[in-house]
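Add chains B and C to chain A, keeping to what the hints say.
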Amino acid sequence: MKILGLSAHYHDSAAALVIDGVPVAVVQEERLSRKKNDAAFPLKAIEWCLEQAKLEPEELDAVVFYEKPMLKFERILTSALRAFPKSWSSFPKAMKNSLGEKLWVKGIISSHLGIPGSKIFFTEHHQAHAAAAFLTQPAKRAAILTADGVGEWATLSVGVGEKMDDGRVAIKLLRELHFPHSLGMLYSTFTAFLGFEVNEGEYKVMGLASYGKPEYVDQVRQVISPEKNGAFSLHLDFFDFHTTAKRSYSEKFVQLFGKPRAPHEPLDPTTPEGARYANVAASVQRVLEDTLVEITKSLHEETGESVLCFGGGVALNGVANGRILRESGFSEMYVPCSPGDAGCALGAALYADRIFFKNPHVDFPDHPYWGPSVDPEELAAVASEDGLPIETVASDDALLDRTVDLLASDKIVGWMDGPCELGPRALGNRSILAAPHTVAMKDRLNKEIKYREEFRPFAPAVPIEVAGEYFELPPGGARLGAFMSGVFPVKPEWRDKLAAITHVDGTARVQTVERDKAPKFYALLEKYGKKTGIPILLNTSFNLAGEPIVTRAVEGYSTLRRCGIDVVIAGRYIVSKKPSHAVMPTDGGTS
Amino acid sequence: MTLKKRGRIHRGLIVIGSAIPSIGGFARGLWASEGGKKWLAPLVVFLCVTGLVLVLAATVEALAPFIYTIF
Amino acid sequence: MTVETTPSREPQDAHKPVRSGDAHLRIVGAAGLDRILRPLHRWVWSDARRRGEKLLKFAQTEADGGRDIARAAERTHDALLRRLYLRHALDEQRHANLFRTRGRAILREVGQKREDGDATFDGNFFSPGERGLDDLQVDEESEGSLLAFLHLSEKAAARRFAVYQEVLEVDPVTRDVFVDVLKDEAFHMNYTLSQLKRVEPKKAGWRLWWARLTRLWKGYLRIASAIANVMGGIVLAVQYFVILPIFALMAKRSAKKELPGWAPARDGGERSLRSQY
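Residue numbers (this note's numbering), protein chains in the order written: chain A, 1 to 591; chain B, 1001 to 1071; chain C, 2001 to 2277.
A hint or two may mislead.
As the list claims (entries may be wrong) - Below 30 Å or equal to it, Euclidean Cα-Cα: the simulated BS3-like pairs (lysine-lysine) are:
1. A/Lys297 / C/Lys2257
2. B/Lys1037 / A/Lys119
3. A/Lys204 / A/Lys497
4. A/Lys172 / B/Lys1037
5. C/Lys2057 / A/Lys204
6. C/Lys2257 / A/Lys228
7. B/Lys1037 / C/Lys2257
8. A/Lys36 / C/Lys2057
9. C/Lys2257 / A/Lys252
10. A/Lys172 / C/Lys2257
11. B/Lys1004 / A/Lys54
Hints were generated in silico from the structure; no laboratory data involved.
For clarity, every value in this text was computed on a predicted model and none was experimentally measured.
The shape of chain A in the complex, shown without the other chains:
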C-alpha cells in the first residue's frame, strides 16, 4: 500500500510516504521552503516524497491527515463559548482562521492532489503522536505517553502498544487530559512570560532553568494542582490562553510571578532581575518534571511494561526525559527523532497502515535520516565559481583525517552528509561540528555563528559504546541519547576538558552515535578520539538564527558565507572561506 501522511496548518508541516509498511521519504516543509517552522500546506514536501517513489498522486492508496479538523473546531468553538463574553475579541479571528481554511482540510487535499475524498483519512492528533512514538522503535510492547500543547481536545494521553507475533498491531490509548489542562500550554505560558517566542523559545526556558533555583515552585503549584492517578488541572484564573490569542497569562499570574520580561530586554542571569527570570524558569521546569514523573510512575505500575514511548512536543524536554528515565521505573525510554507535529505525518501514515488497513507490522531502521540527500557536486560548483579554495580528497578515509585535523585545530566545520534528518535536531548529517573542549569555542559559536543567548548550551556527540565513560548515563540512557532526547550529567573529571558542551549545571544533551545508523559520523568521532584522546564533538544544527536547518549543499555554502564557520564539507569536497573582501563584490557589477 502507498500511504501519504500529512501534518499542516499549525506548526512544522510535513509529508511522509510509507510504501508497504516502510517509510521511504519524510521531510518537513521548512527544509524545502526555507521558512522556519513553515506551517503551510506541505506542497513541496509532498512533491518531493512522491518524486522519491516516482509516484503520481492518483497512485496513492490513502492520504492521512494527522488530526481531525472538525473535532478541533468543536474545541475552539466550545472554548470561545465557555469564555463568553471575554472571548469577544478573539472569536472573529479564531473563526476566520478555522472557517476560512483549516476546517476544510479534505477539500484542500483533494484540490491540490486531485484525489477523491474517499481516499482521505484522519487520525486523531494524539493517535498520530502515539504511532510516531511506538511504531518507529524496535520494542514489541511498550507503554505510551503523549503530551503537547493541544491537539483536538487531548493535551496528554497514556496508553499501551503491542506488535504481535502474527504482525498485527494494537495501540490502545487508555485515557487523556483535555484542554485547557495542558502541560505544553503551561510551559508555553512561562515561555511567553519570560519574553521568548512560543513554540520556538521553549528550549531557552530549559537552558535558562539551569541558571536558576526553583524558588518559585510553591507559586507554580498554585497554578497547577494534582488530581487522581497523576493527572493535574490548571487554575484558569492565572491564564488567558483559553480566552484570547493576545496573551497567555493573566494579571493574577503577573501578581504571582512579578513583571514579565519584554522580548527585547537583555537577559543576564547574573543580574538580580535575570536571576528572578532564571528562578521562575527553574521552578516551572521542576514542576513539569515532577508532574511527568508522577504520570509515568503510575503508568509503569498500571501497565507493568518496561519500555516507555514518549511523543508530543513536551518530549523535546531532555531534562525531564532524563528524570523520567531515572525515576519512573521504566528501564528503557524511546523518544522519536521528531516527537512534535512534523513527526505526526509519519505517525498518521503508520497508524493508518497498521491499525486501519490492518497491514502487518514491518520493522524498519529507527534512524532519523529520511530527507533529501546532499549533492556534493553542487557545493564544488558554486565554490569554484566564487573562487573559494576547494580541497578534493581521494577517499572517505582521507576526508575523515582531514576533517579531524581541521577540528583539532579549532576550526568550525559545516558538515553535510547523505539524507537530512527529520525533526528539530541535527544528528550528524547536517551539523556544525567543533572541538568540545573550551569555553572560548562555545562563545565563538554563540557570537559568530548562532547569534544566540549565551545561556543556551551546545550538545556533544559520542560513540554509543563509550558514552558512559564521559557521561553519567542511567540504564537506558544511551538509547535515549540516540536522538539527543536526554540531558545527563557530564562526569566531573571530564567537565574541564568538555567545557564547550558542559552546561552551567554540569549536564549535557548527549547524542549517542551508533555505527550502523551513521557510519561516517561514527568513524569521524572515532578518528577524532584517536587524535585528541576524547572521541566527542560539539554538534549543533547547521543553520543560522531564524532559518531552518540546511538541506541542499548550496544552502550550506550560503551559510558559510554569512557567518563565522571556517569550512563546509560535503562528499569529498572541503570548501574553506577566504577573507570576505576578496570575494564580495563592492559595486553593482556594472562594468
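Quick look at chains B and C alone, frame taken from chain A:
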C-alpha cells in the same frame, strides 16, 4: 514529478464542493456524540455556512470586500 | 591523500570601491508624497517609545529580507548575482543588528514596555517600503522579475529612509543609523538595476513596468483583503453577540458537569479514520 497546478478559483470550488458533505458529517457526529453536544449542532452548521463565504472571499480575494456585502 | 586546490577566480569588478554615500543620498531623495507627509512622519518618530518599537520592527523586517535575499543567492545560477545577493544579505543582517541595538537602547532609556502589551500606536502604515510589505516569493520569481522587484523595493525603502533621517533631528544617534543604512540601500538599488540590465538587457524596462504594476495590484489586494478582514470581523462579532449567548449558556452548563482529571480516550475504532470529527 510536479503536482498539477490548479488555479485558485478551481481549488476554491473543489473545497466548497467537498465542504457540504463534510458539514453534514460534522453535524451528524455532534448529534450522535456521547458527550451531550447535540445542542452545538445548529450553531456549528450556521458557522460552517458562514465559513463557506469566507472561503469564497479567499478564493477571489480581489472581490472579497464585495462578497461580504451579501451580509 | 590527494589535495587539489582550485585556483581563485575573482570577478574583475570585485574590488571597485563603493561610491560615496553622499552621492547616493542625493539619488535617493525622498519621494514627493513622503515630503508632503513629512510633518506626520516627524510626529510618528517624535515619541521615544514608539521610535524604539518601530526600530525593533524594522530589525525584524531587515532580518526577514536578508533571509529572502540569501534564498535568492541559493537559487541563482549566475555567479555574479550570487555574490551580490550574498553581500546584500549580509548588509540586511547588519542593518537588522543596527536597528535592534538602537531600538533596545531607546527602550531601555525610556523604561520597559507597558505590561498590557502592544497598546502604543506605532504608525504601522508608515512601515519601510522594503519587503516587509511586499510579499516576496523568491522561489516563484524569475531572475529578471526578482531583480526588478528588488530594485523597486530598495528604491522605496531608500526614499522612505531618507525622509526618516530628515525628520530625526531630535535623535541624532538614530538618525546616524538611517544615514548608515541608507548608503547600503542606495547600493542595493543601483546594483539590482544594473544587474537587471545585464541579465535581461532587452526586457529590463518591461520588467520594471511589470513589477510596478504587480506592486500596484498587490497593494490593491492588500487593501481589499484588509477591508474584507474588517468586514468579516464585524459580521462575526455581530454573530457573536446576537447568536452565541444562548449557546454560551449551554456551554457553561455542560462545562460544570465535567470532572477534573482524566477522561476516557475516544474510541479509536476502525470507522473513525474516515470521520473528520
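Hint by hint, here is what the structure shows:
The hinted pair formed by A/Lys297 and C/Lys2257 meets the criterion: a straight-line CA distance of about 29 Å does not exceed 30 Å. Between B/Lys1037 and A/Lys119 the CA atoms are separated by roughly 28 Å; this keeps the pair inside 30 Å, and the hint holds. With a CA separation close to 25 Å, the supplied pair A/Lys204 and A/Lys497 stays within the 30 Å bound. For the hint pairing A/Lys172 with B/Lys1037, the CA-to-CA distance comes to about 25 Å; that is within 30 Å, so the pair holds.
At roughly 22 Å between alpha-carbon atoms, C/Lys2057 and A/Lys204 fall within 30 Å of each other, so this suggested pair holds. The straight-line distance between the Cα atoms of C/Lys2257 and A/Lys228 is roughly 17 Å, inside the 30 Å bound, and the hint therefore holds. Of the pairs offered as hints, the one joining B/Lys1037 and C/Lys2257 holds, with about 13 Å between alpha carbons and a cut-off of 30 Å not exceeded. Using a Cα cut-off of 30 Å, the hinted pair A/Lys36 and C/Lys2057 holds, with the two alpha carbons roughly 18 Å apart.
For the given pair, C/Lys2257 sits about 26 Å from A/Lys252 by alpha-carbon distance, which is consistent with the 30 Å threshold. For the hint pairing A/Lys172 with C/Lys2257, the CA-to-CA distance comes to about 26 Å; that is within 30 Å, so the pair holds. Under the criterion of a C-alpha separation no larger than 30 Å, the hint pairing B/Lys1004 with A/Lys54 is consistent with the structure, at around 15 Å.
Hint compliance for this structure: no hint is broken.
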